[in-house]
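S.K.: Residue numbers (the working numbering), protein chains in the order written: chain A, 1 to 415; chain B, 1 to 173; chain C, 1 to 381.
Computed footprint of chain C on chain A; a stretch qualifies when at least three of its residues, placed anywhere within it, have a C-beta under 8 Å from a C-beta of chain C:
| id | region |
| --- | --- |
| 1 | 79–89 |
| 2 | 277–287 |
Below, a list of computed lysine-lysine pairs in the DSBU-like style, where the Cα atoms sit at most 30 Å apart:
| id | chain 1 | residue 1 | chain 2 | residue 2 |
| --- | --- | --- | --- | --- |
| 3 | C | 100 | B | 71 |
| 4 | C | 3 | C | 100 |
| 5 | A | 374 | B | 8 |
| 6 | A | 189 | B | 8 |
| 7 | B | 146 | B | 51 |
| 8 | B | 138 | B | 44 |
| 9 | B | 51 | C | 40 |
These are calculated hints, taken from the structure and not from any lab test.
Note that this is a predicted model, so its numbers are computed, not measured.
Ideal Cβ placement from N, Cα and C applies to all residues, glycine included.
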Amino acid sequence: MGVQPAIVSAGFSEHASKRSDVNMAELMNEAIEDALNKCNCTIDDIDCVINGNMPAFEGANIPELWMTDHIGAKNKPFMRVTTGGTTGGSVAIAAYYAVASGLYDTVLATSFEQQSCGSTTVGLSSVALGEVSIYLQLGYDFEKLRRNMGAGAAIGIGAYQAINYMRRSHCTEEDLARVVVQNRHNAAKNWWTHLKMPNITIEQILETPYISYPLRFGMVTPASDGSCAMIYTTEENAKKFTDTPVYVNGVASVSNENAIVAPEASGCGQIDPCEQLSATISAKLAYEQAGISFPEKEIDYVEVYSPFPNQEFMWLERLGLFEENTAPMQYREGVTALDGDLPVNCSGGVNSTNAIGASAMERVAEAALQIMGKAGNQSPKEIHTAIGHGWGGTINLITLSVLADQPRRKYKGGI
Amino acid sequence: MVRLEYIKKQYTRTRRVHGNWYLASYQYKFNVKRINQCLEHLRKGELVGLKCRSCNTVSFPPRLICPKCLKMPDEWVHLRDTATVATFSGTYAQEAGDTEPRPYPVVAIRQDGSDTTWLANLPEGYDFFKVYVGMPLKVKWAEDKKGDFSDIEYYEPIEDPSIEMNKKEEAEK
Amino acid sequence: MEKVGIVGYYQVKPETDIQMSRPEMIFYAARGALDYAGLKRDDLTTVISATNDYYDGKTISNCFTVEAGGAYLKDESKVEMDGAHAVNYGLMRCLSGHHKLALVWGASQPSTFYYSCIRVLENDPTFDRPINLLNDYTAAALGMRAYMNKFGVSVEDIAKVGVKNHKNAAKNPLAWNEAQLPDITVEDILNSEMLSNPVTKLMHALPCDGATALVLAPEGLAKKIIDDPVWITGVGLCQETYYLGDRDLSISVSMEKAAQKAYKLAGINDPRKDIDVVELFEHSAYEELVLAEALGLCEKGKGSSLSSEINGEIPINPSGGNIGAFTPCATGITRIIEAVKQIQGEAKGYQVKDANRAIAHGQIGFCAQNNIVFILEGGKR
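My request is simple: use the sequences and hints to build the entire structure.
M.R.: In structure tokens form, the structure reads like this:
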């Protein structure tokens, strides 16, 4: 039962704050063409298309309906999967299951975001809009609530995590800035990224003003336009399409309870926002599927979803790659640099490029390209096993894909 | 304002078509029936939380569903009026009277006796840099109670014995 | 394809303005489905939801229903289409061998927003939306006119479909109260409010609040849970192009392709003989005819002469179909549940005799742009 899925290609569009030269469909098409050009596969070989984006930012509901022709989905099975910030990761996982179920052979997974054509603030504030209106009904003061919600949006959640993480690990703001510098330097060497800053220093970042303590303007993710496409297929087909297939050996997308803000259904005691139970459980499930027993030894390359620098520390620890509270030290020693023992986010990460719907898929795509040896900013290290991680919702949903250059030999999990 | 330089590429502009997404026309439903008992107690100056019978999790403010058991909790338990800061952040805002943006504390509070957190207020103008995780607080009730969450006017910081103990320990060293 | 069993289901009674919050409604559906199967929440391994951010007025609407939908610390995902598409994803997850129990639910509350306004946001934003002529009513009217013209079908023939569905809905306790019209006539339908000529209000599906959930389990495990699970033996999915001008609206290419795939997987050669009951998701009465023809149940253009009453040759929508209760995002799951009830013999009052193999269908987009077909089988034969 179950087919071994493989990735044969991954493509990107160029990312920028305003891709004013294309519309959503054309932007998506750029990535698909790039992906198809990188392997011996044509659009006719595709059996099924799965797409996703974060719906609120463009003001278009189910845009895939009118984008059908642009994404090559005409007269083909098509499915739309969205889970907010993790959309890309969820789409990649849906493509995995589409192949693993045996229903479809070759699946095109795509995701995009064109934030410049809508309002990101409107999109993000409407995350909690329903909850806000209910809070007001229950007698909250609007002025105070406005301030609270200002800190409760995505950046605020990042700030909560940063405060708790800094308290746990005693890391400093300088440590946070170091992560940013590493990411932006990496981004400068990668062709499709947004914030290319080849000469930035820690001091420059620490001079920028605070947005939400302890996060400064220079530390946070930009808003980008961009898209990403990947081609999943079966083990047999993979060898036809490319010489360097990458096998997907484990996936998980575990959701925790909702963040602090919602009064209605949510909550069962999430006291510490950097505890991240869902990441720990996702890692357990995915590693078990992939047959990984010692992640810190067996995993060679990591792409984590970290819009804010403190999250990079947090995820690396929760995903079992470093001992608790030691990640800042590893960054200081250069373990995670391009030529280090465990390269992290050589693509520049979400910290440099954030086309929200596509971001989580870009993590998986970059991890796959690093194994293939075709990445824009290729690590000199030989990479056999890599993970691509995604984070979204209101800090609650984690997606994780474990990739390797060998198919999994025996699978013990599940049923 | 410090500017960070990055490599930019210029793209040509296409034609723009205007469109709208009306957000304001939704009417979210909230079943206040399930929270009425808590509001009644607030009017009397009491705090109650909802307890799930199968996993003993207490939520304050009361929450509709226990996610662990997928059941509706229905047992009301009384809570103390003290609380602790679970986590906090600060928004930099320039309110009326401020000469420049300053941090306003935003705190997530865990009521003692409950297992959940919620966003509440500290006294107006409280110094952001004095807030820390684990800070003990006490409910300050409003003068005239209306039977909603505004009856908790704010949470007042109270004396923290652990600070004294820490100081003593350090002095002994 | 290996079989996947449906071991539990629950439907919250659809209402015009349901007196529940959204998570509450979802909770009753999810809990009900688990209770039907007699399982704990802990047994679940994956949860798939079908909601739409625009219908819920919330970005990332699924993250507010993690607790209510039973997804806390479970492998979760969301399909932003019809509920039937979410069932397809749940099915894929079961077939992959990684999951032993999948909960699929769909829900929406159209009473909280203007449904037609939100449907307009599905248009091409650079062309169709500024012109502001295409919406769900006009799309249905264009399709209906194209169908009537090509095959010489009269308005009365199409109104008959509405009559049948409203009458069937009257027998179904879980249909929408306002669609339960036991004494309706063709004249009533034709004289009801004109939405967009020739579509009148009573031949169009009007949205109402509701939530549905069902539980899927792979073949080996389904029999451990209940004695007579209903099996999904085939599934087909297809999307055609968007622009109405590029399509022949009097036929449904995507439905034909989806049906062929599903028939192939289920080993059905002559659908007319092999299928006992059909549950279709029709936005407008004429779609039922177009879709039934695309399923191969009759020749093209002859849909109106097909005997599709509850005691007819091939009963279509004995539950009242989508006209009987249209709960956006949930209705595809409702169609599957109704087909399951027919196979299990639990459709009291509208039971089709000796039903063992059924078709359930879901769709999304204007004029049924994206269709999904499920073949369901019982263990009787």
